[in-house]
Amino acid sequence: MQTKNSKSALFPYAIWIALFVIAPIALIIYYSLQDLEGNFTLANYAAFFSTVYLKMTLSSFWYAFLITFFTLLVSYPVAYLLTKTKHKHLWLMLIIIPSWINLLLKTYAFIGIFGLYGPINAMIEVFGFDPQQILFTNFSFVFVSVYIFIPFMIIPIFNSLDKLNPTLVYAARDLGASSFTTFRRVIFPLTIDGVKSGIQVTFIPALSLFMITRLIAGNRVITLGTAIEQQFLVSQNWGMGSTIAVFLIFIMVLIMLFTGKNSKGGRA
Amino acid sequence: MRQLLQATIAIVIACALLFLAANQLQVTGGKGGKDTLTVFNWGEYIDPDLIKQFEKETGIHVIYETFDSNEAMLTKIQQGGSAYDIAAPSEYTVEMMKEKDLLIPLDHSKIPNLKNIDPYFLDLAFDPGNEYSLPYFWGTVGIVYNPTIIGDELTFDSWEDLWDPSLKGKVFLVDGAREVMGMGLNSIGESLNTKDDKILRTATDKLITLAPNVKAIIGDEITPLMINNEASVALTWSGQAADMMFENEDLTYAVPEEGSNLWFDNFVIPKTAKNIDGAHAFINFMLDAEVNAQNTDYVGYSTPNAAAMELMDPEVVEDERYYPDEETREHLEVYENLGLEWLGKYNELFLEFKMNMR
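If you read the protein sequences in the order shown, they are chains A and B.
Counting from 0, one number per residue, gives the positions in the first sequence under numbering that gives the first Met the number 0.
Counting from 0, one number per residue, gives the positions in the second sequence under numbering that gives the first Met the number 0.
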């Protein structure tokens, strides 16, 4: 009786997954096999392996890597220090609040901040340097992306650090480990799951960022997301757009496998 | 448990109410019928006083809705959910809508003010005999620039000026494959409707040599950047340039002599129309010389209405930047509907150009 009950309780979720996970992916694969006239073909896949798209995939990867790397570099110490503070949940809240603001609004704010007559350049001038072109550079793109992803990286790392049993750290110190060794051999391995899920929620969306590439990088950075948008909205070539999306899904699966199971690393 | 239940019910009721309210609002848009007229136009593209005047004169209630891209408008009309009586697509979209059989032919006998339109703008390739469309506004693609920043030496009589080494990292381009590829094609003296792989290749290679000068490829964000002097040279449409020049008097606009794009936005009556007589009346009203002059003054784009131009401020009408003379217009080309295959190629090459910018 018990098992029967729990099985029928699964039914709505099964429908949900079929409708909103399996069906869309199947549709994307179906469209990726069609050319402009709706004939079945593998030409889209052949086109993907042309130099333009391969270069774009590689540069997407490179920027996603940079973004994830710097996000992690900022987030881990922040999450670590947060767990040491008195009102840690209040501080965490303050860090998370910016992520409630619409992404586009935050991006537009940076156009003003980074502008030639913006506050950053005003500061640079105070120190006696010429105003710098900050907007529409690779630097501004990585900076804004990192800023946007930081809360998403901090949450899982904070949760796993918070759950870490402090007695383990004390034990390590008692047994004579230096603080660096304690971190390397005890703290970091025990929070690796939080880091992994942080990487997942950063790297995967970073691969398909698209509004920021135009607003902040002025299309100097092209990601797979930009290309998909162009194919669907401008070229109206759903086949090619879907093909790029299929590769994006494929890459995401690889990353999920690579960053492994994370049953312990809690997300918020 | 009870609290949780109460909270859930409260949320569900709130959502249901909001949904109903949204539905109610939607019904009022695009219901259609004898005494209403639904106009589907670009944003900020008509003088609202004129709509009131039209309502007073004819007793027809006008519902005015806006779109921000030809593609978005096309999708909405194709879905057929709302009863749009009038739309204002650009010329290549008129061609596409004709192909897809989405338009109702115009009855010229119901539009006597047709005589006001300069014959130069009638009977164009995208709609021979103006069977389905009449021009509303027109303009060009060119370069808006700020001589107080870049100096007086560059006048952009030629596209080559964009390649000038002094503009390193200064040029902004509009994020449109047709515009940028068209500029590349024009700069090597070819047609911007070229369907020839070799010529397109040459144009792309030429564009790639422009890469060091290009600061960014963006959309409407270019307007505030030009106004605030953050940018000094940009490839854009004449209408957008007019907006910028209105706010920042240092700016000026030029259409290079090798040629450029000439574009039209046109009135059409889509198949979704419920009030076809009303739609004709509206088009005729908008083509009236006085009405058109007032509207052009408000919108700031170039009107094809010769009778209206006589009523307008001569300083505007004689301004070559907005109304280039016939000789310049000879070098301008209207976009043809390339078809999806070639549109795809243009986009692919544009992407390649973007990839080379670093």
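No lab work stands behind these hints, which were simulated from the structure alone.
C-beta atoms are modelled at their ideal positions from N, C-alpha and C, and glycine is treated no differently.
Take these hints with a grain of salt, some might be off.
Stated by the list, open to error - To be clear about the criterion: a stretch of chain A counts as covered by chain B if any three or more of its residues have a C-beta under 8 Å from a C-beta of chain B, and this derived list gives those stretches: (1) 7-17; (2) 44-55; (3) 112-118; (4) 143-154; (5) 211-221; (6) 234-246.
Status of the hints after comparison with the structure:
1. Residues of the stretch 7-17 of chain A lying with their CB closer than 8 Å to a CB of chain B number 0, which falls below the three-residue condition for coverage.
2. Judged by the Cβ-Cβ criterion of 8 Å, the stretch 44-55 of chain A is covered by chain B as claimed, because 3 of its residues qualify and three suffice.
3. Closer than 8 Å: that is the beta-carbon criterion, and the stretch 112-118 of chain A has 3 residues meeting it against chain B, so the requirement of 3 holds.
4. Coverage of the stretch 143-154 of chain A by chain B is violated. Counting CB-CB distances below 8 Å, 0 residues qualify, and the rule asks for three or more.
5. Restraint check on the stretch 211-221 of chain A versus chain B: 7 residues with Cβ-Cβ distances below 8 Å, three needed, restraint holds.
6. For the stretch 234-246 of chain A, the assignment as covered by chain B holds, since 4 residues bring a beta-carbon within under 8 Å of that chain's beta-carbons and 3 suffice.
Violated hints, listed in ascending order, are 1 and 4; each of the other numbered hints is respected by the structure.
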